[in-house]
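Engineer: Read off the chains here:
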Amino acid sequence: MDLSSISPTLLIASLMVAATPILLAALGEMVVEKAGVLNLGVEGMMIMGAISGFIAGVETGSPWLGFFVAAIGGAAMALLFGVLTQVLLSNQVATGLALTLFGLGLSSLFGQGYVGIKANSLKRLDMGFLSDLPFFGRVVFGHDPIVYLSLLLVFAVWAFLKFTRAGLVLRAVGESHDAAHALGYHVRRVRMMAIAFGGACAGLGGAYLSLVRVPQWTEGMTAGAGWIALAIVVFASWRAGRVLIGAYLFGGIVVLQLNLQTAGAKVPVELLSAAPYLVTIIVLVLISGRAGRGGDTPADLGKPFHAST
Amino acid sequence: MIRLERRPTPSRVWAAASPLVAVALTMVAGGLMFAALGKDPFEAIRTIFWDPVFGEFAWYFRGQLLVKAAPLILIAVGLAMGFRAGIWNIGAEGQYIVGAICGAAAGLAFYPSESWLIFPLMVIAGALGGFLWAMIPALLKLRFGTNEILVSLMLVYVAENLLASAAVNWLRNPDAVGFPGSRNLGRWEAASNPELIAGTGAHWGVVAAVIAVIFAQIMMTRHLMGFQIRLAGAAPRAARFGGVNTARLVIFCLGLSGMLAGLAGLFEVAGPAGQISIDFASGYGFTAIIVAFLGRLNPLGIVAAGLLMALTYVGGEAAAANLGLPGAAISAFQGMLLFFLLAVDVLSNFRVRVGRGVVA
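Quick mapping for you: the protein sequence lines, in order, are chains V and R. When we follow this note's numbering, the leftmost residue of the first sequence carries the number 1, and every step to the right adds one. When we follow this note's numbering, the leftmost residue of the second sequence carries the number 1, and every step to the right adds one.
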């Protein structure tokens with residue numbers, strides 16, 4: 001095993017790339033859960049974003065249009081969930097699962113003719129002399145625009161929830177929909193918007209996988225990333241900054257295990273591939289002491305709202 | 001204006017009718033999907049739902065029906081109990097894989113013995129493997145309060161890697177060259193799970209599924225445990241006051257569903273699949289979630305739902321062969337079915353009122 005082949009600069013740079021899809025999806029889901037809705041269909045929305053973005057990217061040749069279509073695709077899937085859970089008041093857990101199963105099937109149907117094709121990928125930004133700096137040039141100034149967009153989004157979500165009136169209403173709806181309803185806020189409308197935002201974020205995350213990180217389409221390519229995003233929201237106890245930390249920690253593990261595989265570590269490949277999932281479980285256990293108090297969880301998370309009751 | 005008005009108690013009529021409405025709606029939407037793919041929708045629907053049972057080659061397909069339905073029913077019966085109680089084991093796929101690996105490993109340890117004890121030993125090992133795999137989310141939930149949905153699902157991916165390592169490494173057939181995979185259990189009489197009645201597809205898994213359904217039906221309707229499960233799901237607060245031991249319920253529901261999923265995996269690996277191979281995982285554990293809901297979380301309903309879902313598998317394969325319908329269309333179709341079911345369910349809990357109502 002040759003550990004010297006692993007360069008810390010590249011490790012950190014690729015960690016940020018590996019974390020970005022999960023960061024986007026987790027951020028969206030956090031907003032949804034802040035509004036009191038538990039959407040377990042992140043995986044399904046992500047993979048639909050991955051395929052719709054990939055198709056749009058291949059057909060038009062523009063990755064930007066790909067990301068745009070992916071956000072629409074993710075949001076459309078999310079609104080399907082929204083109509084079922086908010087209007088038809090179906091069980092959120094079951095509907096989220098259905099969204100994932102449906103998304104996985106539909107995406108591989110759409111992706112039939114797109115296996116093995118390469119799409120135009122996003123170029124890394126060139127910021128002149130900044131990008132040529134040692135270490136910082138690559139880690140801070142050498143990424144594609146979506147990485148910066150995702151970081152910007154972390155800040156925007158944090159500021160939105162903390163400082164704006166709309167953010168306060170959204171949190172109120174998540175903490176007590178009955179109180180929010182009594183105050184005259186439109187619980188269902190707020191939740192629908194949050195759900196659509198979460199879907200768009202998940203779609204962007206999926207498209208980042210198929211257009212930048214891999215960049216190819218393979219069936220089931222999200223491989224649990226959506227579920228890991230859900231775990232990161234719990235890990236982050238519903239705070240935007242901690243979502244960022246969680247996603248980057250997780251990205252670090254993914255990249256590290258890939259590097260160890262290529263460096264020929266004397267650990268079975270299968271154990272390394274399973275490591276991200278095992279680590280997620282361990283993290284869930286470790287944070288349980290904190291989560292167990294239940295103070296951070298939005299109080300009305302997952303509860304259906306019907307105005308007549 | 002259309003309003004929804006909550007029914008005092010769920011409508012029994014709609015609870016029974018909604019799966020049928022959902023199936024009908026899925027056929028319509030699925031037909032549109034097939035038409036969009038450039039296939040004749042009527043021919044596609046007929047190939048999937050009619051030909052396997054009544055068509056020219058039905059003698060072949062009917063056998064396949066039980067082969068596909070048995071694991072689905074076996075897994076779904078276990079899952080449904082947990083879902084009733086609000087305990088969400090969605091990692092049945094992982095328990096299915098681990099059950100198959102444990103069962104096959106227990107048998108292969110005694111290769112090439114011809115003792116009759118080997119198959120029963122494999123059954124026990126398979127059930128135990130699934131049980132223990134499901135105990136991980138159960139015990140973590142009880143000890144640390146972790147979410148069983150996320151943990152059981154993460155364990156699916158771990159189980160898939162375990163399967164890959166078993167197939168290429170420690171369970172690999174030492175006499176084989178080329179393709180990775182274990183010895184073929186189907187060709188080793190002591191360990192095989194054969195067709196019991198020729199032409200029906202009925203193997204030991206079907207027998208196990210029948211027993212599981214009967215057992216589950218009696219337990220849910222006649223036994224205190226079944227009452228506690230229903231109570232915990234319908235009114236968690238009342239259940240706590242009523243002295244229901246939640247911890248025992250979690251262990252029971254996750255353990256039983258894991259055990260049944262493990263059994264399904266064992267019967268599959270010793271019978272239809274024949275060996276541990278990298279592509280052994282077939283998604284039964286996830287489809288069983290749809291089966292459980294389609295069957296109204298009721299053991300007898302699950303039998304009907306499992307057969308219907310098996311029909312979409314078998315018919316889907318026929319449609320793929322005859323009409324060139326992509327295989328993925330069937331999984332989209334199955335997902336659609338669950339959506340429509342959840343949507344139609346609104347009618348059993350709410351009344352639709354048209355017109356302006358009084359302000360609540």
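Treat the hints as calculated values from the structure; they're not laboratory data. Every residue gets a Cβ at the ideal spot worked out from N, C-alpha and C, and that includes glycine. Take these hints with a grain of salt, some might be off.
[Said to hold, decoys possible] Residues on chain V that point at chain R, a partial pick, calculated with CB under 8 Å:
| id | residue |
| --- | --- |
| 1 | Leu89 |
| 2 | Met127 |
| 3 | Ser176 |
| 4 | Pro268 |
| 5 | Val285 |
| 6 | His306 |
Engineer: State the violated hints by number, sorted upward, taking the hints as numbered earlier in the document.
Structural biologist: 2 and 3
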